[in-house]
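Going by my numbering, 102 is the number at position 116 of the sequence shown; the sequence numbering is gapless.
Calculated from the structure, these hints are not laboratory results.
Positions of the beta carbon are idealized from the N, C-alpha and C atoms, including for glycine.
Be a bit skeptical, because a hint or two may be false.
Subject to a maximum C-alpha distance of 27 Å in a straight line, what follows is the list of computed BS3-like cross-link-like pairs (lysine-lysine) [to be verified]:
id: 1; residue 1: Lys45; residue 2: Lys28
id: 2; residue 1: Lys104; residue 2: Lys140
id: 3; residue 1: Lys107; residue 2: Lys72
id: 4; residue 1: Lys54; residue 2: Lys104
id: 5; residue 1: Lys28; residue 2: Lys167
id: 6; residue 1: Lys28; residue 2: Lys177
id: 7; residue 1: Lys70; residue 2: Lys54
id: 8; residue 1: Lys28; residue 2: Lys54
id: 9; residue 1: Lys(-11); residue 2: Lys45
id: 10; residue 1: Lys107; residue 2: Lys(-11)
id: 11; residue 1: Lys72; residue 2: Lys198
id: 12; residue 1: Lys104; residue 2: Lys28
id: 13; residue 1: Lys198; residue 2: Lys(-11)
id: 14; residue 1: Lys132; residue 2: Lys177
id: 15; residue 1: Lys70; residue 2: Lys104
id: 16; residue 1: Lys28; residue 2: Lys107
id: 17; residue 1: Lys72; residue 2: Lys104
id: 18; residue 1: Lys(-11); residue 2: Lys54
id: 19; residue 1: Lys(-11); residue 2: Lys131
id: 20; residue 1: Lys86; residue 2: Lys72
id: 21; residue 1: Lys(-11); residue 2: Lys140
id: 22; residue 1: Lys54; residue 2: Lys86
id: 23; residue 1: Lys198; residue 2: Lys167
id: 24; residue 1: Lys72; residue 2: Lys177
id: 25; residue 1: Lys140; residue 2: Lys177
id: 26; residue 1: Lys70; residue 2: Lys131
id: 27; residue 1: Lys28; residue 2: Lys140
id: 28; residue 1: Lys132; residue 2: Lys107
FRET-style restraints, in silico, Cβ to Cβ [claimed, not checked]:
id: 29; residue 1: Leu114; residue 2: Lys70; range: 21 to 27 Å
id: 30; residue 1: Lys107; residue 2: Asn37; range: 35 to 41 Å
id: 31; residue 1: Ser49; residue 2: Ala191; range: 22 to 28 Å
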Amino acid sequence: MNKAVIFDLDGTLIDSVPDITLNLNLALSNFGFNAVAEIDVKDMIGHGARNLVFNAIGKSVSSETLDKVLNFYNNIYTASPFVKTKTYFGVNDMLSELVKRGYLLAVCSNKPQITTEKIVKTAFAPRLFSVVSGYASGGALKPDKKAVTDVLDKLCVLPENAFLIGDMVTDAVAALRAGVKFIAAQWGYGKVESLIASGATAFAAFPAEILKFIR
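The whole structure should be built from the sequences, with the hints applied where relevant.
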């Protein structure tokens, strides 16, 4: 019987805030909006690119303007998504050990699909992940459980045989709704108190600690 571990991307496998902030500010500046600080971007990510841009603009704008800024951001970020981005220390060793233990690995991100695929291809060994899932137009975003169940269906894994690792409330809620065991990545961008309030009960302080929960 197949078993799997599904990973969020930003704040879980990679520290991507520097590149997100750089490209977001280029997009904002291009349309005359104020730049945002890296520390503030950490609180904005995890809900998809559209929500990121909306929150970064910080004021009400027309849908047309939002779309223009979003498209500009998506284009420049997708072109160079892994300049300042780093894989968290210990992540690759943890992933290798999970494979040895017989787990299928997958990525479930709220990033656009093309950007998610490009980052995973750059950062990790080929075929390490059986499924790489990002946001596609008309698709589901976490915390919608469908974002997770769609990955499970592709893996042919039942919810009770899967874990989801993430750092944000959106990850925790999506996992719980999908019936998947959730482990919070404390090294990421999420706040512990918010994760606890969302129902998270298992916390890993660093990547290797994941292996204590997943045998």
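Quiz item: So which of those numbered hints doesn't the model satisfy?
Solution: Result: hints 9, 18, 22, 25, 26, 27, 30, 31 break, sorted rising.
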